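> What follows is the residue order along each chain.
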Amino acid sequence: MTTAYRHWEILERSTTGPFMDEDDFLPRRFTPTLKKLIKKYEIKYDPANPCPTDDAMADRIWQAAWDLFREVGYYNTDSHRIMQVSDQEIKEALYMANDSYLVGAGKDAVLFEHRQVEDSKTPFCIMSPDITCDEQYHQSICMAYLKEPLLDGICGPILEKTFGHLIESAGPSEISGCIQHIYNQKMAARLLGRPGTFMVAVGTAEHDSGQIAVSDDNWGVQKTDARLVGSLTEFKTADTLLNRSLHYAQYGSYTGNLTGAIYGGWCGGSEGTAVTTVAYSLIGLIMHGAIFNQHFPFHLNYGSNTTRELLWAISMAGQALSRNSNLLYTSNGFANAGPMTEMVFRETAVHAMVSTVSGWNLWEMASTRNKYRNRATPMEARIGCEVGHAVARQGLTREQVNEIANKLLAKYEDHAADAPIGSEYHECYDVEKAVPTQEHYDMFRRVKDEIADLGIEFPY
Amino acid sequence: MSLEELSKLVEDGETEEAEELAAKLLKDGSDPLLMIEELTKTMGHVGDLFAKLEIFLPEIMLAGEALSGVVKVMEPYLDAAGGQQVKGKVILGVVKGDLHEIGKNIVGLILETNGFIVKDLGYDVDPLTFVKEAEAMDADFIGASSLMTTTMPRQKEIIEILLDKGIRDKFKVIIGGAPTSQMWADEIGADLYCKDAKSTPDALTALLA
Ligand code: B12
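Taken in sequence, the protein lines are chains Y and H.
Mapping of the first sequence onto full-length UniProt numbering: position 172 corresponds to residue 172, and the numbering continues sequentially without gaps.
Mapping of the second sequence onto full-length UniProt numbering: position 45 corresponds to residue 45, and the numbering continues sequentially without gaps.
It is worth saying that the hints were derived from the structure and are not from the lab.
This one's a predicted model, so the numbers in the text were calculated from it and none came from an experiment.
There could be a bad hint or two in this list.
Now the stretches of chain Y that chain H is said to cover, found in silico as 3 or more residues with beta-carbon under 8 Å [as the list claims (entries may be wrong)]:
{"no.": "1", "region": "164 to 171"}
{"no.": "2", "region": "223 to 235"}
{"no.": "3", "region": "258 to 266"}
Computed Cβ-Cβ distance ranges for the label pairs, DEER-style [stated by the list, open to error]:
{"no.": "4", "chain 1": "H", "residue 1": "Leu49", "chain 2": "Y", "residue 2": "Ser86", "range": "14 to 24 Å"}
{"no.": "5", "chain 1": "Y", "residue 1": "Gln250", "chain 2": "H", "residue 2": "Leu208", "range": "52 to 62 Å"}
{"no.": "6", "chain 1": "Y", "residue 1": "Met187", "chain 2": "H", "residue 2": "Lys52", "range": "39 to 49 Å"}
Far from chain H, some chain Y residues (derived; all Cβ distances over 10 Å) [said to hold, decoys possible]:
{"no.": "7", "residue": "Lys44"}
{"no.": "8", "residue": "Asp87"}
{"no.": "9", "residue": "Glu89"}
{"no.": "10", "residue": "Asn98"}
{"no.": "11", "residue": "Ala105"}
{"no.": "12", "residue": "Leu111"}
{"no.": "13", "residue": "Gln116"}
{"no.": "14", "residue": "Val117"}
{"no.": "15", "residue": "Glu160"}
{"no.": "16", "residue": "Tyr183"}
{"no.": "17", "residue": "Gly269"}
{"no.": "18", "residue": "Ser325"}
{"no.": "19", "residue": "Gly395"}
{"no.": "20", "residue": "Asn406"}
{"no.": "21", "residue": "His415"}
{"no.": "22", "residue": "Tyr460"}
A virtual CB, placed ideally from N, CA and C, is assigned to each residue, including glycine.
Could you put the whole structure together from the sequences, leaning on the hints where they help?
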């Protein structure tokens, strides 16, 4: 079962927890505690190994994350109070959490499962462009993702306009945009013959009201689908967010916690990013009753997570979670480069292989620093998920992946800051048919062959 | 005990020690204007380190705090030596409906460490609140951050309210955030668009010149 049964006890702490000025929470409480724990548990970043093999350190990271969450708590910016939990409650929630959930409906239902480090079980693959798109392409992009064979779940692109009107945050246009979003996505799934596909929806909802407006088992987000609730960077929440997790639980759909620990920000470097990411999984589980955590740690300057300092953090966080819990968590790639560039394919491949072998499930792929409208396509997600499947089936070890990742990193690492932004969806996809152009496919194939030459055995 | 040591203490974010040393240097007759000049250079250096992520957000913040502490100690001396140099007063916030606050926080920090006085209104801030707070502070700048296309119209609303109240000329309106651009700034009549925190202090100074 989910841990949502604790909701009321947890929510109450929004009003009864210790008071703290928000200005003090991160600099005086979060960061000093994190620094202290990194020292205490001797956690050390190793730039030579973006995919490290260090079980003992993984376990220490888990312990540090546990202590971090328990000591720091979760700050509600509306009540200015810290919501704290005990060791006992963390243990109980971990005991109660399932290691798998059946998601999606009917013949399209899939098992979303916990994975081990170096597991031969293939990763659960959620595909998402993670960006906004023009209204005219929304349906086509949903279709294009749903055409991907390895897709286990979809999170569709975000609308900026609804019926020609600019969507304004928290206004009626947001409600309308949210409904349009889920209609397009559900229709695409039906037309493609996979109507029960698991959906994480809807990204167009910026407010609780937008999410609540689409909770409908007939035409909207179904109970077999999931929705996200964000955490504010770092370790903070607000009533508008707590409203969501309560609604999701009461409506009966699955909850995912959306968190992106920022490298270079309050977490500091790779060590802090890894510890914070792990701690967020505990926050999602206990504070939001989430069945999975959607983690996108990213680099403060680049807005990506495919360079080694982030890969190390992702790998260690995955190993820590995998070895010490039975939770579900997806690794969300953020690339520097844009669609139809060799760089984005390489970046996604590296992100996926490091994540997969470290025990993660996959969420691919936010291209072009997650910043530009229409600049993400299913082809990046495809290469990531194919790599993930190959790495698992082949039973590659962390050492082997580390070696391949280093070779690929050498080809793009120096271009993190000046990565090419590539093409927009309609420039590298046939919009009507929702299939990639030949040029786009050929480039994908070329990079896939290059990766195969490095020792990845693709099933097809 | 030297100015270099003071710089080092500020860089390391050792507020108390920096304050003590500053007090001592001043008592021993150091030139406060020279000290400020040196510390400005130090903060520039700290800013560069942060831009390259050789140090991280918490470190630059501590350095900023140490600098503020030292400036407080120096205040009476600075006044005597011809006043402090405040580069400008800024009201800063993330517009209504938007919870993305990291970029704004960094901009605030960089401005403070570069000699601006910043009042941070937080996130999800009503356009009218920006205006009222700017009036109350007698600010030079209103800085509004928006990270979503859906909240960009709130930046425009700030300018509209200023126009309606007949006080548009009193404040320079600065906008930023990932989806915003020079084009958007031109469209809504903002005075300045900054693509990142690093370029902001110089751009603001240039606006007042
Ligand atoms: C981190 C993040 C989050 C975090 C925010 C944590 C927090 N408390 O800040 C969480 C997980 C909570 C989140 C939630 C959501 N997010 Co978000 N998020 C991001 C992400 C990935 C990075 C933003 C960031 O912090 N960047 C790092 C900082 C340092 O950069 P920056 O903000 O650009 O700031 C720099 C400059 O722009 C400039 N600057 C910024 N402000 C100002 C102001 C002034 C005056 C000046 C001079 C300069 C300046 O200086 C800064 C430093 O150099 C962006 C994607 C992106 N690449 O921007 C999406 C993004 C902003 N999010 C998006 C969305 C859709 C959402 C959600 C709706 C998701 C959902 N369905 O729940 C919610 C919205 C909640 C809400 N109502 O606000 C979309 C917005 C789409 C749109 N319509 O435009 C984006 C663009 C992703 C995408 N491509 O689709 N998100």
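> With reference to the structure, classify each hint as holding or not holding.
Hints, one by one, checked against the model:
1. 164 to 171: holds (count 5)
2. 223 to 235: holds (count 3)
3. 258 to 266: That given contact holds, which follows from 5 residues of the region 258 to 266 of chain Y lying within Cβ reach (below 8 Å) of chain H.
4. H:Leu49 / Y:Ser86: 14 to 24 Å: violated, 40 Å
5. Y:Gln250 / H:Leu208: 52 to 62 Å: Given about 53 Å between the Cβ atoms, the range holds.
6. Y:Met187 / H:Lys52: 39 to 49 Å: holds, 48 Å
7. Lys44: holds, 16 Å
8. Asp87: Holds: least Cβ distance 27 Å, greater than 10 Å.
9. Glu89: holds, 27 Å
10. Asn98: holds, 30 Å
11. Ala105: Given a closest Cβ separation of 31 Å, the condition holds.
12. Leu111: At about 33 Å from chain H, Leu111 of chain Y clears the 10 Å cut-off, so the statement holds.
13. Gln116: About 33 Å separates Gln116 of chain Y from the closest Cβ of chain H, which puts it past 10 Å; holds.
14. Val117: With a cut-off of 10 Å, Val117 of chain Y remains clear of chain H, as the shortest Cβ separation is near 28 Å.
15. Glu160: violated, 5 Å
16. Tyr183: holds, 19 Å
17. Gly269: Per Cβ check, Gly269 of chain Y is inside 10 Å of chain H; nearest 7 Å; violated.
18. Ser325: holds, 28 Å
19. Gly395: holds, 36 Å
20. Asn406: Per Cβ check, Asn406 of chain Y is outside 10 Å of chain H; nearest 21 Å; holds.
21. His415: holds, 16 Å
22. Tyr460: holds, 38 Å
In this structure, the hints that do not hold are numbers 4, 15 and 17, in rising order.
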